[in-house]
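Chemist: So the chains spell out like this:
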Amino acid sequence: MMAAVGAPEVISQLESAAKVLMAPPSMVSTEQRQHAEHIFLSFRKSKSPFAICKHILETSKVDYVLFQAATAIMEAVVREWILLEKASIESLRTFLLTYVLQRPNLQKYVREQMLLAVAVIVKRGSLDKSINCKGIFHEVSQLISSGNPTVQTLACSILTALLSEFSSSSKTSNIGLSMEFHGSCKRIFQEEDLRQIFMLTMDVLQEFSRRVNLNAQMSSVFQRYLALANQVLSWNFLPPNLGRHYIAMFESTQNVMLKPTETWREALLDTRVMDLFFTVHRKIREDSDMAQDSLQCLAQLASMHGPIFPDESAQVSYLAHLVEGLLSMINGIEIEDSEAVGISNIISNLITTFPRSTLTALPSELFTSFINCLTLLTCSFGRSAALEEVLDKDDMVYMEAYDRLLESWLTLVQDDEHFPRGCFVQPAVQVFNSYIQCHLAAPDGTRNLTANGVASHEEDEISELQEDDRELFSDQLASIGMLGRIAANHCIPLLTSLLEERVTRLHGQLQRTQQHLLASPHAGSVDRKVLDDLYEDIHWLILVTGYLLADDAQGETPLIPPEVMEYSINHATEVDINSTLQVLGSPGEKASSIPGCNRTDSVIRLLSAVLRTSEVESRATRASLTGLLSPQMGKDIVWFLRRWAKTYLLVDEKLYGQISMALSTAFGADTEGAKWIVGYLLEKVINNLSVWSSEPELANDTVELLVTLVEKRERANIVVQCENWWNLAKQFASRSPPLHLLSSSVQRTLMKALVLGGFAHMDSDTKQQYWSEVLHPLQQRFLSLINQENFAQISQEEGVKREIVATLEALCGIAEATQIDNVASLFSFLMDFLSSCIGLMEVYRNTPETINLIIEVFVEVAHKQICYLGESKSMKLYEACLTLLQVYSKNNLGRKRSDVAAEEDQYQDLLLIMELLTNLLSKEFIDFSDTGGSDEVFRGQEQGTAASGRSVSAADVVLFGVNIVLPLMSQDLLKFPSLCNQYYKLITFICEIFPEKIPQLPEELFKSLMFSLELGMTAMSSEVSQLCLEALSPLAEQCAKTQEKDTPLFIATRHFLKLVFDMLVLQKHNTEMTVAAGEALYTLVCLHQTEYSELVESLLSTQRDAVIYQRLADAFNKLTASSTPPSMDRKQKLAFLKSLEEFVANVGGLLCVK
Amino acid sequence: MSNRTLSTTGTLKRPSSLYGCRSKIGRACAFLDLFFLQVPLTHRTMADPDLDFSTAESGASATFPLQCSSLRKNGFVVLKGRPCKIVEMSTSKTGKHGHAKVNLVGIDIFTNKKYEDMCPSTHNMDVPNVKRVELLLVNITEKYMSLMADNGDVREDLRIPDGDLGKEIEAKFKEGDELLVSVLSAMGEECAVAVKSTPGK
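Chains as they are written, first to last, in the numbering used here: chain F, 2 to 1155; chain H, 1109 to 1309.
One or more hints might be untrue.
As the list claims (entries may be wrong) - Keeping only pairs whose Cα atoms sit at most 30 Å apart, straight-line, the calculated DSSO-like set for lysine-lysine is:
id : chain 1 : residue 1 : chain 2 : residue 2
1  : H       : K1282     : F       : K530
2  : H       : K1282     : F       : K897
3  : F       : K897      : H       : K1275
4  : H       : K1181     : F       : K897
5  : F       : K530      : H       : K1209
6  : F       : K897      : H       : K1209
7  : F       : K986      : F       : K1046
What the hints contain is simulated information worked out from the structure, not anything from laboratory work.
Since this is a predicted model, take the numbers as computed values, not measurements.
Looking at chain H on its own, in the form it has when it is part of the complex (with noise of 0.2 Å):
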C-alpha cells in the first residue's frame, strides 16, 4: 500500500468523492488512506484571490496573548512588534526568591533579523498567527510569481525571494521542474520562504 502511494509526487487535482468515503467506524483509517493518497489538503479555502491574503481567514485576528511560562522554543511570539520564531528561552530570576522571568531570543521570520526579550513569566505575551501554504508555480513574470492553488485559482502579487531562495527557484523554473512554493504569512506580512522541487517529467 505504502510503496504505491508514496512513489508518485502527485498531480494537484484529486477526485473529491474520496472526502466522502468514510464510515463512521473507519474514520481514522480513512484518514490515513487520505494522506497515503498525496491529497494536498492544505490549501482550500484560498478561493477567493480579492481578499487580502493575511486576513483569508474570516474573523481570524492577527495575534491572540499567551502566558509567558507555556511559549515553547521553536514556536512564535511578537518582539518588539515583529513576528519572531523563539531560537531561545530560558529563565532567571532576582534574588533567591524571586519569581522567575522568561528571557526570549528570537528570528524575525520576514527579515532574519534577532530580537531579544524579557518578561515576568506570569505575563501575557503576544503570539502571532502564523500561517503557511504550498501553492504551484505556473509562471515568472518580471520578478513576480504566479502561483496556483489547487482549485485553479492563481495569483500574482508575490514577489521571487531575495537570496539563494529566489535564485533556486528561478533556475529550477527554467530547467522545467514542478516547483511548490512556500508561502508564510503572519500580522499581515506575507513572504515566500521555501520551495520543494520535482524533476519536470
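Chain F extracted, bound-state conformation (with noise of 0.2 Å):
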C-alpha cells in the first residue's frame, strides 16, 4: 500500500496519524485512534520500506514519526535479513548511526530507538559470518576520545544498549527469534564484545579518575559509565551447553555472582582494575547516587569465582588485595550512610565466595587486620541500626548492613574449624556486648537513645499481624546466639549477672508499687515508665538467651550446642552440685542469697535466672498485680521454656560423646531434677492458662508448652505423676472458669494435650481414672444433652448452643492428638460422636456457623486417622462422611438467605467439604494401616458397584461431594487462592483415582468438569496447571481401556491433545513441567496417533527455511522412533520421555519463538 503511493503523501498521512495519536483523548474519537494506530501498523509491516524510512528521517519533523520510522527499519532488516544485501545492511547502521550522532538535540525516546535499531543489527549480525558488525567498537572508541561530553554519552549510550540487547532473553526486543539464537548471540557476545565494552570502559573511568576538578557535565558522563561498568560486572555470563529450560531459569536468579570465563583472566586479573574502583569510589563517595554504583562494582569483584583463576594462589593473590585495599579504604574515613550497605556487601560477598582455605592461606596479619575491622564495623552498624529504629527512619540502610555483617559472621564461625583455634572469641565478645548494649536500657545500655543521649519513648498501636521479636529479628538472634556460644565463657555469665540483677529489680519495682496501690488504691494509674524499661531488658536478654542455649528444632530431637557443653564440662572442677540444685530449685529465692551460689554450673544457673523471672511474674499475679505485668514478657518466659526443655529436659547421654555431670543430674531421666522441674512448667502452664486467658497470643504459647510436656512419651511419663496435671484435666473436663474462657483454639489444644498425657505409662487402672476423668464427661455432657425429650426446643437456648460447640471443639482437639499408637482407642470414641453429629446437622440445620463446625470435626478426625484405619473402620467413616455430605445438601438445597454474610459462610463450607474429600482420598496415597492381604478385598469393593451393597466406597463418597462441590464453584470462587488450590487438587485425585466414573458422570457435571481442567491448565498457577496435566493420562488411559470412539470423554481427549502439544512444543514453560506434559502427551498421543500427525504436519508446513524444516522433521521423528507404534506400555513411556528431553533441548529453542 505504502509503495503506492508517493513519499510526500505518505509522510503526511503518517504525520496526521501522529497528531491523532497525540492528541489528548476529549479530541478524538475512539476510531480515529484506532484508525491512526492501523496506519503505523500496517505502514511498519510495508515490504523494504529503508528508502522511504530514510526520507522520513531526514524530513519529518515530527518526533512519534521518526520513532515510528526507526521501528520500522529494525523490524524489517531482521524480517528480510536473508534478502539483503550485506553491504546494504552496513550502510543502513551507518546511516542509523550517523544519523544520530548529527542531531544531538534529538528526544530521547527517538535516539533510543534508534540505538536500539542499531543494536538490533549488531546482534542479527553477531551470528552471520558474512557481515562484520565490528567496526561499532572502533566508532565508539573514537566517540569516546574526542573529549566531548556529549558525544561521550552518546558513546555511552550505544554501548548500554548493545549490554542490554545482548544480556537476557527477558531484556531482548522482540525480533522473532529462537531462544536458541538469543542463547548463542549471549554467548559469542560475552566472550569478546562484552570485555571490549569493559575495556573501553576502564579507559574512561581511568581518565576521569586523573582528573582534579570534574564539572556537572563530566561528572553526569562519569556517572554513566560507572554504571555501565556495574552492568558489565554483574553480566550473568551464560555458561556452555545449556538448554532452552535452564537459560529462562537462569537468567531469573537476582543478585548474580561474578563467574566469567577463562578468556576474561587478563581483563579482570591484573590489580590495577580493581585499584582503579577503590580509587574512583574514594573519588566520589560523597555523592551517594554514584557511590552506590562503585560499591556495587567493588562487591562484584569480591564474588568473582569460577575458571578465572587460573590456581589457588591466584585466588589468593587476588583475595589478598582486595582485602588490602578494602582496609586501606574503610581504615581513616567516616563511612557515610550511603556507604553501609555497599560496604556490608563487599564483605559479605567476599566471605560467601571466596573458599575457607583462601581465607586462611591470607597471611595472619592481613586476616587478624580484616577480622578486627569486620568487628569494629559490626558494631558500629549495629549502634547506627539502633539509632535508626530510635528515629523510625523509613529507609533503615544500616539495620540491612548490619543483617549483611552478622550474617557473613555466622558463616564464618559455623566453619570455624578451619581456622586458627579461639581465633573467633574477642570479636565474638565484642560484637556480643555490643548487641547486648544497644539492647538494654541506660545506665547499662543505649537503647532508646538518640545520638545525644536524650531517652525516647513512644507506645505504638501494635496489632497481632505483627510478627513477635523472636520472629522478626531470628536472623540477627540467630547469628549472635551462635557468638554467644564461640565466647561462652564471656557470654553466659554475662547474661546470667544482668538477668538476675534484672529480676531483682523487677521483684522490688512490684512490690513497690503494690505497697502505694494499698496506701492510695485511687492514687490514679501507675507510671509504667520503669516497669517497662525492665520488661523490655528482660525481654531482649531472655530471647538471646534462648537462642543461644539452644537451637529451634524442627521435627528431629535437638542437641544441646556442642559448645554448651564443652563449657559446662570445662568447668566441672569449679562447681558444686549441689548448691546448682540448690539454686536452681528456689526460683522464689535471691539467687546471690544462697550459700554457694558461686560455685554453681553457668548454664543452670543461666536456666535459673529465667526461672527466677517466671517466678516474679507467676507471685505478682496471685497478688493481683496482673495488670501491672507484661504479656510480651510472659510470652518470652514461656517459649523460653519450651525451647530449652525440648533440647535439655530428660537429655539422653547415648546422644553425646562426653556430656556434662551438672547437666545430666540435674535433667537427666530418673533424676529429682527432672522431676521438679516438670512438675514447675505444669504448675506454670496452669496458673498461665488461669491469670492469661485474655491474652491469646501468651495463652497460646503456653499450651504449646504443655504439648511438648506431653508429646514424647517419656516426658508425659513424669507430667501424669503429678497431681496437678490431674487438676487441670478435671478442672478442664468440669468445664468451669477459668479455663472456659481461654479462646477456642487455646481450649482446642488444650483438649490435644490432654488426650496426648493419656497416653503416658500408667497402671490400667490409673489409666481407666484418667480416662474417665478426661473423655467421659466430655461424652456423658453431650449425651444427656441430645437425649433430652426436648433436646430440638431448647437447641437454640445459649446455654445449649455453647455447650455443642465446646464440644464441637474438643473433637477436633481429639482428632489433632492421634498418633499412630493410639488411633485405635480415639477412633472408636470419636466415631460415636460422628454418628450424632450427623443428627446435629438436622437439628442446627440454620445455624451456619455451628454447621461449618461440625464438618470440621470430619475434616479434622479424616485428616488425622484415614491413613492409620483398616478397611472396616475406614468404611464406617466413609459411611458417616457421606452421610454427612447428603444431609448438608439436601438441607442446603432450595435455600436462600437474605444476610450478607450467606456467600462468605458458603464458601467456608465448600473449602471444608472440599479439603473433606482430599483427605478421604488420602487414604489411597498414604497408607498407614496394618491390613495385609484384606486389602485386595477392599478394593474389590471400592471397584465394584458401590449400591449393591450396605458398604460405601471413598468413590460413593468423593463422587457424591463433587457433585455438590461443583455446581457450587463458580470462576468468583475460584478467585480465592486457597479454594482453587484445594479444587485442583481434589479434581485430580478424582481422575488418578477414578478414572472409570469419569465417562459415567452426568453430561452437565462431566462438562463442567473437563472446562475445569482446561481453564485450570492454560489460565491458572504453574502449580494448578501440572496438577491439571498429571489427571490427563489417567483419563486417556480409561478411554483406551474402554475402546469406545466419538464418547464424549474420547472427544475431550482430542481436543486436551491439542493444547498439551502447543503448550510443550511451542510455549515457554516451566521445567518442572515437562515430566507431567510430556507424560500427558504421550497418553494423548497413543489414544489419537492420527491427530497427532496432523499435528505435527501443519507445524512442519509453516516452516518456510528448508534447513530448519529438516531438523524439526527429524526430530520428531526421532521423538516417536522408539514407541512406534505408540501403545500404553511402561517401558515405551519411558522412553518417549527420555526422547522428548532431547527433542526439547534440541529444537525447542526453533520453535520457542521471541
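Starting from the two chains in their separate frames, assemble the complex, guided by the hints.
Modeler: Now the structure itself:
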C-alpha cells in the first residue's frame, strides 16, 4: 500500500496519524485513534521500507513519526535479513549511527529507539559470518576519545543499548527469533564484545579518575560509565551447553555472582582494575548515587569465582589484594550512610564466595586486621541501626548492613574449625557485648537513646499481625546466639548476671507499686515507665538466652550445642552440684543469697535466672498485680521454657560423646531435678492458663509448652505423675472458669495435650481413672444433653448452643492428638460422636456457624486418622461422611438466605467439604494401616457397584461430594487461592483414582469437570496447571481401555492433545512441568495417533527455511522412533519421555520464538 | 437406611411415640434414628401464640455477658446496641508490653449494617440470645405471611422481608412449592432471613 503512493503523501499521512495519537483523549474518537494506530502498524509491516524511512528521518519534524520510522527499519531488517545485501545492511547501520550523531538535540525516546535498531542489527549480524559488525566498537572508541561530553554520553548510550540487547532473553527485543538464537548470541558476545566494552569503560574511568576537577557535565558522563561498568560486572555469564529451559531459569536469578569465563583472565586479574575502582570510589564517595555504583562494582569483584582463577595461589593473591584495598579504603574515613549497605555487600560476598582455605591462606596479619575491621564495623553498624530504630526512619540502611554482616559472621563461625583456634573469641565478645548494649536501657545500655543521649519513649499501636521480635529478628538472634556460644566463657555469665539483677529490680519495683496501691488505691494510674524498661530489658535478655542455649528444632530431636556442653564440662571442677541444684530448685529466692552460689554450673544458673523471672511473674499474678505485668514478657518466658525443655529436659546421654555431669544430674532421666522441673513447668502452665485467658498469644504459647511436655512419651510419663496434671484435666472437663474463658483454638490445643498425656505409662487402673476424668465427662454431658426429650426445643438456647460448640471444639482437639499408637481407641471414641453429629446437622440446619464447625470435626478426624484405619473402620468413616454430605446437600438445596454473610459461610463450608474429600482420597496415597492381605477385598468393594451392598466406597463419597461442590464452584470462587488449589487437588485426585467413574458422570457434571481442567491448564498458576496435566494421562488410559470412540471423554481428550502439544512444543513453560506434560502428551498421542500426525504436519508446513524444516522433521521422527506404534506400555512411555527431553533440548529453542 | 430416610422431605406431622421408644443403652442410636426419620424437632415450644415471640423462653434474657477474648468469629455480639454477627475479630495492643484489646467488626443481623468496636480483652461484652426457627408458610395476605408451627399453631404477624428473599418467597409460593421460612429473633426483634423451598407435589 505504501509503495503505491509517493513519499510526501506517506509522510503527511503518518504525520496526521501521529497528531491524532498525540491528541488529548477528548479531542479524538476511539475510531479515529484505532485508525491512526492501524496506519502505523501497516506502515511497519510494509515491504522494504528502507528508502522511505530514510526519507522520513531526513525530512519529517514530528518526533513520533521518526520513532515509528526507526522501529520500521529495525523490524524490516530482521524480517528481510536473508534477502538483503550485506553491504546495504552495513550502510543502514552507519546511516542510523551518523543520523544520531549529527542530531544531538533529538528527543531521548527517538534516540534510544535508533540505537536499539543499531543494537538489533549488530546482534542479528553477530551470528552471520559474512557480515562484519565489529566496526561499531572502533567507531565508539573514536567517539569516546573525542573528549566532547555530549558525544561521550552518546557512546555510552550505544554501549548500554548493546549490553541490554545481548544480556538476557527477558530484556531482549522481540525480533521473532528462537531462544536458541538469543542464547548463542549471548555466548559469543560475552567472550569478545563484552570484554571490549569493559576495556573501553575502564579507559574512560581511568581518564576521569585522573582529573582534579570535574564540572557537572563531566561528572554526569562519569556516572554513566560507572553505571555501565557495574552492568558489565553484574553480567550473568551464560555457561556453555545450557538448554532452553535452563536459560530461562538461569536468567531469572537475582544477585548475580561474577563468574566470568577464562578469556577474561587478563582483563580482570590485573590488579590495576581493582585499584581503579577503589580510587574511583574514594573520589566520588560523597555523591550517594555514584557511590552506590562504585561499591556495587567492588562487591561484584568480591564475588568473583570460577575458571577465571588459574590456580589457588592466584585466588589467594587476588583476595589479599582485595582485602588490602578494602581495609585501606575503610580505615581512616568516617563511613557515610549511603556507603553502609555497599560495604557490607563487599564483605558478605567475599566471605560467601571465597573458600575457607583461601581465607586462611591470607597472610596472618592481614587476616587479623580484616577480622578486627569486620568486628568494629559490625559493632558500629549495630549502634547506627539502633539509632535508626529510635528515629523510626523509613529507610533502614544500617539495619540492612548490620543484618548482612551478622549473616557473614554466622558463615564464618560455622566453619570455625578451619580457622586458628580461638581466633573468633575476642571478636565474638565484642559483637555480642555491643548487641546487648544496644538492647538494654540506660545506664547499662543505650536503648532508645538518640545520638545526643536523649531518651525517646513512644507507645505505638501494635496489631496482632506484626511479628514477634523472636521471629522478626530471628536471623540476627541466631547469629548473636552463635557468637555467644563461641565466647561462652564470657557471654553465659554475662547474661546470667544481667538477668538476675533485673529480676531483682523487677521484684522490688512490683512490691513498691503494690504498697503504693495499697496505701492509696485511688491514686490514679501507675507510672509504667520503669516497669516497661525492665520488661524490655528482660525481653531481649531472654530472647538472646534462648537462641544461645538451644536451637530451634523442627521435627528432629535438638541437641545441646557442643560449645555449651563443652563449656559446662570444662568448668566441672569449679562446680558444686548440690549448690547448683539448690539455686535451681529455689526460684523464689535471690540466687546470690543462697550459700555456695558462686560455685554453680553456669548453664544451669542461666536457666534458673529465667525461672526466677517466671517466679516473680507468677507471684505477681497471685498478688493480683496481673494488670501491671507484661504479656510480652510472659510470652518470652514460656517460649524460652519450651525451647529449653525440648533440648535439655531428660537429656539422653546416648546422643552425646561426652556429657556434663551437672546437666545430666540436674535434668537427666530418673532424676529428682527432672521431676521437680516438670512439676514447676506444669504449675506455670496452669497458672498462665488461669490468669492470661485474655491474652490469646500468651495463652497459645503456654499451651504449646504443655504439648511439648506431653508429646514425648518419656516426658509425659513424668507429667502424669503430677497431681497438678490431674487437677488440670478435671478442671477442664468440668468446663468451669477460668479455663472455659480461653479462646477456642487454645481450648482445642489444651484438649489435644490432655489426650496425649493419657497415653503415658500408667497402670491400668490409673489409666482407666484418667480417661474417666478426661474423656468420659465430655461424652456424658453431650449424650445427656442431646438425649433430652425436648432437645430440639431447647437447641437454640444460648447455653445449649455453647455446650454443643465446646464439645465440637473438644472433638477437633481430640482428633489432633492422634498418633499411630492411640488411633485405635481414639477412633472408636470419636466415631460415636460423628454419628451424633449428623443428627446435629439436622437440628442446626439453619445455624450456619454450627454447621461449619460440625464439618470441621469430620475434616479433622479424616485428616488425622484415615491413614491409619483398616478396611472396616475406613468404611465406617466413609459411611459417616457420605451421610453428612447427603444431609448437608438436602438441607441446602433450594435454600436462600438474605444476609450478607451467606456467601462467606458457603465459601467456608465448601472449602471444608473439599478438604474433607481430599483427606478421604489421601488414603489412596498414604496408608499406614495394617490390613495386609485383606487389602484385596477392600479394593474389590471399591470398584464394584456401590449400590449393591450396604457398604460405601471412597468413590461414592467423593463423587457425591463433587456433585455438591462442582455446581457451586464459580469462577469467582476460584479467585480465592486456597479454594482454587484445594479444588484442583481434588479433581486431579479423582481423575487419577477413579478414571472409570468419569465417563459415567451426568453430562453437565462431566462438562464442567472438563472445562475446569482446561481452565486450570491454561489460566491458573503453574502448580494448578501441573495438577491438571497429571489428571490427563489416567483419563486417556481410561479411553484406551474401553475402546469406545466418539464418547464425550474420547472427544475431550482429542481437544487436550492439541492443548498439551502446543504447550510443550510452542510455549515457554516451567521445566518442572515437562515431565507431567510429557506423560500426558504420550498417552494422548497413543489414543489419537492420526490427530497427532496432523498436528506435526501442520507445524512443519509453516516452516519456510529448508534447513530448519529438515531439523524439525528429523527431530519429530526421532521423538516417536522408539515408540512406534505408540502403545500404553510403560517401557515405551519412558523411552518417549527420554526422547522428549532430547527433542526439547535440540529443537525446542527453534520453535519457541521471541 | 440412610437412602430411604433422606429421599423424603417429610411432612411436619410425626408420631410422637418415637420419642418414647428408647432404651437407656441405645440412647445414642435412637437419637440418630430420630434424625434420619426427619423429625423437625426445632419448634415445639411455639405453642402459645399470645406470648411475645422474642421472649418466649421462660426467663431467658435478651443478652448475656461474655469475656471479650472468648468471643469467636461467626458468633454474635452486641455492638452499639445492635445484635451483630462477628465477621472480623483481631487483637492489638498499645506498646510492646501493653495488654491485648479486641477489635470487632460486626454486621447487624437484621439490617446488614456494619459496626465496629474495640474493647480491652479482659472486659465483658454483651452477647445477644439469637434464636432461629423454621415455620411452614401456609398463606400470604397483603404482604403478611401466615406461618404454621408443627403443632398447628399459626401466626400471621410477620411481613414478607424486603429484597430478593421476599420476591423469592412470593414467587415460589405462587408456584405451589412447600416453603419453610427461617425466622431469626434476637433482642426483641425478629425477621424472616431464609427460605427453603421444595417443589410442590
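Chemist: Hint by hint, note whether the structure agrees.
Modeler: Hints, one by one, checked against the model:
no.	hint	verdict
1	H:K1282 with F:K530	violated (71 Å)
2	H:K1282 with F:K897	holds (17 Å)
3	F:K897 with H:K1275	holds (11 Å)
4	H:K1181 with F:K897	holds (22 Å)
5	F:K530 with H:K1209	holds (20 Å)
6	F:K897 with H:K1209	violated (36 Å)
7	F:K986 with F:K1046	holds (29 Å)
Going down the numbered hints, you'll see the structure goes against 1, 6, while the others check out.
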